[in-house]
Amino acid sequence: MPRSKRPAQVEPVLALYGHPFSSYTWKALIAFYANTTPFEFRMLDPNHPEHGAVVAAAGPLGQFPVLLDGETTVFEASCIIEYLHLHHPGRAPLLPGDSAAALDLRMLDRVFDLAVMSPMQEIVAEHIRSPGMPDPAIEGRARDKLDRAYRWLNAWLAKAPRTGDAITLIECAAAPSLFYADWVYPIPMQFDALRQWRAHLLSLPAVARCVDEARPYRHFFPLGAPNRD
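Counting from 1, position 173 in the sequence shown corresponds to residue 173 in our numbering; the numbering is continuous, with no gaps.
Some hints could be false.
What the hints assert, rightly or not - Across the chosen pairs, the derived CB separations fall in these ranges:
(1) P60 with F221: 43 to 51 Å
(2) I128 with D98: 38 to 46 Å
(3) E40 with R129: 32 to 40 Å
(4) A101 with D135: 40 to 48 Å
Rather than coming from a laboratory, the hints here were simulated on the basis of the structure.
A quick note: this is a predicted structure, and the numbers were derived from the prediction, not measured.
Heads up, the beta-carbon is just placed ideally off N, CA and C, and yes, glycines get one too.
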């Protein structure tokens, strides 16, 4: 008797929960796009309350992005990128195999999250709190933090220029943070290396795709989106 065919095994679908205008969602999306990793994007908006419920339950802060891979849940954009590197590797070297080199990338990842993204979000949050009348002291302190970060990054780039098209954890972290930070406090002209690198990052196909997918939501930007990028 002919044997019955076994049903074809279906690979678990990677599902990423986020929003196209979110900087931290971009951070994860860039890794997916760079490696053309198949996934399903699950939008967070009022039309999909079930998606919000997943995010709310995923981690202690209920923040996105969140990745589901079968029974595995991963939150925090940096961890999602490392998870893809470990379990769904592709052509993009998201992290090097050498542990010391990988540590350098993780260190820079924290610089972009804490020294660039955080003060940028402080300014955005202040404009949400008080539209049209932000506290100048709060904005001033945040701009001082950004100025210090810009200065440090410009000096770092002078020692270790990143001109290639490879996407790593650094590019995933740098592109969204510098994109939005430059909107709230433009990178000063004297930091030319950083300005050029930001432009280079936005030219990378994986990053450019995120920029284009976020265009329909620019009117949500509390400070008003500039007519550029």
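Each hint tested on the structure:
| no. | hint | in the structure |
| --- | --- | --- |
| 1 | P60 with F221: 43 to 51 Å | violated, 28 Å |
| 2 | I128 with D98: 38 to 46 Å | holds, 42 Å |
| 3 | E40 with R129: 32 to 40 Å | holds, 34 Å |
| 4 | A101 with D135: 40 to 48 Å | holds, 42 Å |
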